[in-house]
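The letter at position 172 of the sequence shown is residue 172 when you use our numbering, and the numbering goes up by one with no holes.
FYI, nobody ran anything at the bench for these hints, they're computed from the structure.
Treat the hints with care, as some may be off.
Stated by the list, open to error - Mimicking DSSO-like on lysine-lysine, the simulated pairs with C-alpha atoms at most 27 Å apart in a straight line are:
{"no.": "1", "residue 1": "Lys92", "residue 2": "Lys106"}
{"no.": "2", "residue 1": "Lys333", "residue 2": "Lys183"}
{"no.": "3", "residue 1": "Lys246", "residue 2": "Lys313"}
{"no.": "4", "residue 1": "Lys246", "residue 2": "Lys333"}
{"no.": "5", "residue 1": "Lys304", "residue 2": "Lys333"}
{"no.": "6", "residue 1": "Lys106", "residue 2": "Lys313"}
{"no.": "7", "residue 1": "Lys153", "residue 2": "Lys333"}
{"no.": "8", "residue 1": "Lys183", "residue 2": "Lys45"}
{"no.": "9", "residue 1": "Lys183", "residue 2": "Lys106"}
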Amino acid sequence: MNMSFIRNKNNMLKSFGFIILIFLSVSCHKPSDNNDQNENGLFTKTIVTDGVSRRYAVYIPAGLGNSPVPLILELHGGGIYIEDMTGESGHKTPYKLWMNLADREKFIVVYPEGLNGSYGKPTWNDCRANSKVSSTADDVLFISTLINELSSKYNIDLSRVYVSGTSNGGLMALRLAVELSDKIAAVAAIAAAMPDSSECGSPVNPVSVLFMNGTDDNHLPYNGGTLSDPPSPDNGTVYSTETSVKIWITFDQTDTVPVIYVFPDLEPDDGGIVTRYTYSNGMQGTEVVLYKINGGGHSAPSIKEQYSALFEKYFNKQNHDIEMTTEAWNFFKEKRRN
Numbered sequence: 001m002n003m004s005f006i007r008n009k010n011n012m013l014k015s016f017g018f019i020i021l022i023f024l025s026v027s028c029h030k031p032s033d034n035n036d037q038n039e040n041g042l043f044t045k046t047i048v049t050d051g052v053s054r055r056y057a058v059y060i061p062a063g064l065g066n067s068p069v070p071l072i073l074e075l076h077g078g079g080i081y082i083e084d085m086t087g088e089s090g091h092k093t094p095y096k097l098w099m100n101l102a103d104r105e106k107f108i109v110v111y112p113e114g115l116n117g118s119y120g121k122p123t124w125n126d127c128r129a130n131s132k133v134s135s136t137a138d139d140v141l142f143i144s145t146l147i148n149e150l151s152s153k154y155n156i157d158l159s160r161v162y163v164s165g166t167s168n169g170g171l172m173a174l175r176l177a178v179e180l181s182d183k184i185a186a187v188a189a190i191a192a193a194m195p196d197s198s199e200c201g202s203p204v205n206p207v208s209v210l211f212m213n214g215t216d217d218n219h220l221p222y223n224g225g226t227l228s229d230p231p232s233p234d235n236g237t238v239y240s241t242e243t244s245v246k247i248w249i250t251f252d253q254t255d256t257v258p259v260i261y262v263f264p265d266l267e268p269d270d271g272g273i274v275t276r277y278t279y280s281n282g283m284q285g286t287e288v289v290l291y292k293i294n295g296g297g298h299s300a301p302s303i304k305e306q307y308s309a310l311f312e313k314y315f316n317k318q319n320h321d322i323e324m325t326t327e328a329w330n331f332f333k334e335k336r337r338n
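Throw the hints in and build the complete structure from the sequences for me.
The structure is reproduced here in structure tokens:
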């Protein structure tokens, strides 16, 4: 079973709908670039990698102190801009809640932005070999350079660098787990799975991996297959969620029998139940975790940031029983790269 990942392609309604731009119309407002690293707040900055200027937003909470702090990189879905992720565009977004957690838990959060794919919106080159709707950028180099840049400016604990991403961003997070395992301690892949035709190789170092997928995802099928709604061969194909989990269980050499926890059904009207499967005791303390969202669609679960009925018409139900950012942080916070 090869370690496939899919090559970046999010094509709005044709790719896996990665948080569609129909609902996330982009605001032209951008936070001003601020290079004073002694200030706190949200800043949009640029960095040049591979001869190309790349955008990212960084949030620095107040009161970090002198101790090294974790770094979290949150990767957008296809067609999404960083202003949509941070809430600057004014739309509902679970991803802005990372900043609330950063205030409380004292870490730095970064929202990098992909380059335009074939349909003119930001995407990630996530390794799907059989995808035709993708950026061709060296995004591994971009993320690696960005980590180096941030660690030169801020007191970052380089053993605690984590990546979370949804849809195309989740697929990119999985690529980083393979190709940047010398810098990444753990990844959370939301509405994402391993591609069954990949441009990537195999991981070198153990990495903890979390999957959070809905069984009713109509853009990235829970049981694997062709991406998007309706499916298109241009979008590439993925393994099932269960097979994707097994790939990482095998590589990390975790327990094969999970500890199972069923979350309370806080909102019965969302049509779903969340079950967590935890596979522990992997190499170098790694874990593999699956959040199976029974009845969930192609979105990040959230209690506080709930998408509209129009969004759910295209992407199916968003679960409201858990907060994705809280669950991902609980998974990340004890993980360290050796």
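Would you list, in rising numerical order, the hints stated earlier that this structure does not obey?
3, 6
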